[in-house]
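Undergrad: Chain A is already provided as a structure; the job is to place chain B with the ligands on it using the hints.
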Amino acid sequence: MILQARNLGWGVRRLPIVQGVDLAVREGETLGLVGPNGSGKSTLLRLLAGILKPTSGEVAVEGRPLSGLPRRLAAQKIAYLEQQADTGEAITVRDAVELGRTPWLTPLQPWSDEDDRIVAGALADADLRGFESRFWATLSGGEKQRVHLARALAQRPRILLLDEPTNHLDVRHQLSMLDLVAALPVTSIIALHDLNQALTCDRVGVMAGGRLVALGSPEEVLSVERIAEVFGVRASIVVDPADGTRIFRLDHLR
Amino acid sequence: MTIATAGRPSVARLWWRWPVGLAAMAATVFAGTCIGETPIPLSIVVQTLANKVLGAAYPLDPIDMGIIWNYRLPRALVAASCGAGLALSGLVLQSLLRNALADPYLLGISAGASTGAVTVTIAGIGGGAVSMSLGAFAGALTAFLLVALLARAAGGGVSARGTGQIILAGIAGSQLFNALTSFIITKSANAEQARGIMFWLLGNLSGVRWPDVTLAVPIALTGLIACVWCARALDAFAFGAESAASLGIPVRRVQIVLIGLTALVTAVMVSIVGSIGFVGLVIPHAARFVVGVRHGRLVPATALTGAAFLIAADVLSRTMIPGQVLPIGVITALVGAPAFALILLRGRRRP
Ligand SMILES: Nc1ncnc2c1ncn2[C@@H]1O[C@H](COP(=O)(O)OP(=O)(O)OP(=O)(O)O)[C@@H](O)[C@H]1O
Ligand SMILES: [Mg+2]
Numbered sequence: 001m002i003l004q005a006r007n008l009g010w011g012v013r014r015l016p017i018v019q020g021v022d023l024a025v026r027e028g029e030t031l032g033l034v035g036p037n038g039s040g041k042s043t044l045l046r047l048l049a050g051i052l053k054p055t056s057g058e059v060a061v062e063g064r065p066l067s068g069l070p071r072r073l074a075a076q077k078i079a080y081l082e083q084q085a086d087t088g089e090a091i092t093v094r095d096a097v098e099l100g101r102t103p104w105l106t107p108l109q110p111w112s113d114e115d116d117r118i119v120a121g122a123l124a125d126a127d128l129r130g131f132e133s134r135f136w137a138t139l140s141g142g143e144k145q146r147v148h149l150a151r152a153l154a155q156r157p158r159i160l161l162l163d164e165p166t167n168h169l170d171v172r173h174q175l176s177m178l179d180l181v182a183a184l185p186v187t188s189i190i191a192l193h194d195l196n197q198a199l200t201c202d203r204v205g206v207m208a209g210g211r212l213v214a215l216g217s218p219e220e221v222l223s224v225e226r227i228a229e230v231f232g233v234r235a236s237i238v239v240d241p242a243d244g245t246r247i248f249r250l251d252h253l254r
Numbered sequence: 001m002t003i004a005t006a007g008r009p010s011v012a013r014l015w016w017r018w019p020v021g022l023a024a025m026a027a028t029v030f031a032g033t034c035i036g037e038t039p040i041p042l043s044i045v046v047q048t049l050a051n052k053v054l055g056a057a058y059p060l061d062p063i064d065m066g067i068i069w070n071y072r073l074p075r076a077l078v079a080a081s082c083g084a085g086l087a088l089s090g091l092v093l094q095s096l097l098r099n100a101l102a103d104p105y106l107l108g109i110s111a112g113a114s115t116g117a118v119t120v121t122i123a124g125i126g127g128g129a130v131s132m133s134l135g136a137f138a139g140a141l142t143a144f145l146l147v148a149l150l151a152r153a154a155g156g157g158v159s160a161r162g163t164g165q166i167i168l169a170g171i172a173g174s175q176l177f178n179a180l181t182s183f184i185i186t187k188s189a190n191a192e193q194a195r196g197i198m199f200w201l202l203g204n205l206s207g208v209r210w211p212d213v214t215l216a217v218p219i220a221l222t223g224l225i226a227c228v229w230c231a232r233a234l235d236a237f238a239f240g241a242e243s244a245a246s247l248g249i250p251v252r253r254v255q256i257v258l259i260g261l262t263a264l265v266t267a268v269m270v271s272i273v274g275s276i277g278f279v280g281l282v283i284p285h286a287a288r289f290v291v292g293v294r295h296g297r298l299v300p301a302t303a304l305t306g307a308a309f310l311i312a313a314d315v316l317s318r319t320m321i322p323g324q325v326l327p328i329g330v331i332t333a334l335v336g337a338p339a340f341a342l343i344l345l346r347g348r349r350r351p
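Just so you know, the sequences run in chain order A and B.
Heads up, the first sequence is in this note's numbering, so the first residue is 1 and it goes up one at a time.
Heads up, the second sequence is in this note's numbering, so the first residue is 1 and it goes up one at a time.
Just chain A, same shape as in the assembly:
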């Protein structure tokens, strides 16, 4: 188990926001995380990234408690892509992606050609070639999101935590983002809103009211009944005759 959470919880004052999450993530798998707005997906990802200190339970990375790991070492293992992160700095795309190398550098260990290669690779993977010298403020929402992805990739993590990485992307880039993540030899946890995208993950976890209410293969977890219960919508499953792929059609629950 590369990443493990035991009875993980976090709250503000008396109010629990995430509680009792038990989760074991296998090396190399892609885990989708779905749930309604405010169900605690982002909070759970922040806990798993070690950015929030849990108020109960703990997270273990490669069997060792995350809380005992210095931030720098944690960041060498885990990259976290925020749902929204903006800046007022006149920073360029290349500058932003280079930030991903931060956990691997020290004041005494300067930038190297290897870092240059990794950054170039990350830019290429996120389809950002030609954008290197563009200023952040001039980018579109989807381009910004791809820069964040490139930064996370440049971090060369073993675990990628992505919070709604596709929500600003056009259709083609949504697909290539998910394909890329699936093809990378890393373990990823992705918070998603598109249930059809969740179907392509290895496993899916469902968050509701701060709890992980289901975890398992997409087919068993994303049942029509559970979708009705958690999201309050009626789902019907349509099968693509070409290859037998299942697709959700969603309707208001009457």
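I should point out that these hints are in silico values taken from the structure, not numbers from a laboratory.
We treat Cβ as the ideally placed atom computed from N, Cα and C, and that holds for glycine.
Please note: incorrect hints may appear among the correct ones.
Stated by the list, open to error - With beta-carbon atoms standing in for the labels, derived distance ranges:
hint: 1; chain 1: B; residue 1: 172; chain 2: A; residue 2: 228; range: 48 to 54 Å
hint: 2; chain 1: B; residue 1: 154; chain 2: A; residue 2: 36; range: 27 to 33 Å
hint: 3; chain 1: B; residue 1: 149; chain 2: A; residue 2: 28; range: 54 to 60 Å
hint: 4; chain 1: A; residue 1: 73; chain 2: B; residue 2: 46; range: 39 to 45 Å
hint: 5; chain 1: B; residue 1: 172; chain 2: A; residue 2: 133; range: 38 to 44 Å
hint: 6; chain 1: A; residue 1: 232; chain 2: B; residue 2: 341; range: 36 to 42 Å
hint: 7; chain 1: B; residue 1: 17; chain 2: A; residue 2: 124; range: 28 to 34 Å
hint: 8; chain 1: B; residue 1: 154; chain 2: A; residue 2: 58; range: 29 to 35 Å
hint: 9; chain 1: B; residue 1: 26; chain 2: A; residue 2: 172; range: 54 to 60 Å
TA: Same frame as chain A, now just chain B with the ligands:
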């Protein structure tokens, strides 16, 4: 494109920046030593320095030598340290608080330092055991903590995104501490003292001598080294504290150390030369404009520009009105206020 987007020469290939920077710094200090109300020929300045530093024995007028060695040189060195220190303080606050308007003056840190210094010197708190700089440091830290707490209570803490609150809180803090300073002066000082203190508060380098140099230079260097050391951490704050944490920065520790140092540097500078505004605000923006936003370059550029700016301001303050010394804060504000307006108009973005 601009320099910020130019290729990525490795640090090894950029080693020359440090000697060049040092030479530029030495040249500005030298210029500050050469220019003054009394015109003294260049050759005499050089000979004085040779006498004092290299142990040469040029026969010189002791008055000229005194002016250069005991008066102008320490003054230029303190001005340089002060300019570099205040500019770096502003840079650190702007980066950590992610606010283009953050600087020790606007956030009330300078005002707190003044109150602390006045409390020690005039009201005599601490009974002589506490030095003025220490009093100023306590005042600066108290002021910043109060301002940060107020900002947090108003919904925009140190780590929050997009915070106008911290500036508003800073204005409240400045007003409070300036009022406290005036109160202490009015209550405890005699007329003569009060005039001197008021002049000092506006920023004044006339009283600067060698002992001040031995305090100001090491403190400014400490600030510079800390900023160079933390340059990557400061870069990582571009997308906020949470993003910095996910990039492996120990956010809390960096904030405490750097903001503590900012308070220390500001306090020491205020205790030596009084509170000088606008340096911390304007210089980092000017430096950003030239070298871009990456702190590896921005930190040295800010330090250098700040030092040169304050030496120039000091020279102007001595020479602008013949026979009169203007408070240096007046000069920095005369230049800084329009620059401040420009920043407000331009916002923080560049096309
Ligand atoms: N610091 C905080 N203080 C108070 N409430 C908070 C805090 N952080 C999160 N919450 C609340 O916790 C709940 C879960 O938030 P979270 O961001 O994890 O939801 P999410 O599942 O990511 O939602 P979305 O789909 O909208 O991104 C929300 O109701 C949110 O308002
Ligand atoms: Mg979320």
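Undergrad: Each hint needs a verdict: does it hold in this structure or not?
TA: Okay, the hints, checked on the actual structure:
For the hinted restraint 48 to 54 Å between residue 172/B and residue 228/A, the CB-CB distance of approximately 53 Å keeps it satisfied. Taking 27 to 33 Å as the suggested C-beta distance range, the pair residue 154/B and residue 36/A conforms, at roughly 31 Å. Range check, residue 149/B to residue 28/A: Cβ separation about 47 Å, and the 54 to 60 Å hint is violated. As the Cβ distance of residue 73/A to residue 46/B is approximately 54 Å, the hint placing it in 39 to 45 Å is violated.
A C-beta distance of roughly 42 Å is found between residue 172/B and residue 133/A, which places it inside the suggested range of 38 to 44 Å. Take residue 232/A and residue 341/B: their Cβ atoms lie about 53 Å apart, and the range 36 to 42 Å is violated. Distance hint check for residue 17/B and residue 124/A: the Cβ-Cβ separation is about 31 Å, which falls inside the suggested range of 28 to 34 Å. Between residue 154/B and residue 58/A the beta carbons are some 34 Å apart, a value that agrees with the proposed interval 29 to 35 Å.
For residue 26/B and residue 172/A, the hinted distance range of 54 to 60 Å is satisfied, since their beta carbons lie about 57 Å from each other.
Checked against the numbered hints given earlier, the structure breaks hints 3, 4 and 6 and satisfies all the rest.
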